[in-house]
Amino acid sequence: MLYVINAECVTDSLENRKLIDLAPLQLLQNQGLLLTAGLTTVLDSYDPGTAGFNGYTIIAEFDSLESAQAWVEQNLYIAANIYATVVVKPYQKCF
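Residue numbers (UniProt numbering): 1 to 95.
Mimicking EDC-like on lysine to aspartate or glutamate, the simulated pairs with C-alpha atoms at most 20 Å apart in a straight line are:
no.	residue 1	residue 2
1	Lys89	Asp63
2	Lys89	Glu8
3	Lys93	Asp63
4	Lys93	Glu61
5	Lys89	Glu73
6	Lys89	Glu66
7	Lys89	Glu61
Because the hints were derived from the structure by calculation, they are not lab data.
Predicted model, so just to flag it, every value in this text is computed and none were measured.
Please construct the entire structure, taking both the sequences and the accompanying hints into account.
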């Protein structure tokens, strides 16, 4: 099943976010399990300038909600003070 993962960044976490390892996302992509992944911007713009980005959204396939949450705990950097909150929800693609 697909799951949407929404992560909201801690304020002023830009330097810490530069440390994010994209290998876990690349692995999902290589396995054909990643539908999309991207940044959420502070402004309604593809180029938010100095306002920057405030989070990430990932939609990927996992065996269960528990396995999606376990992936988050292993691969998203809550402990590194990058993400304030991460929400994982089942996602049903309609189009």
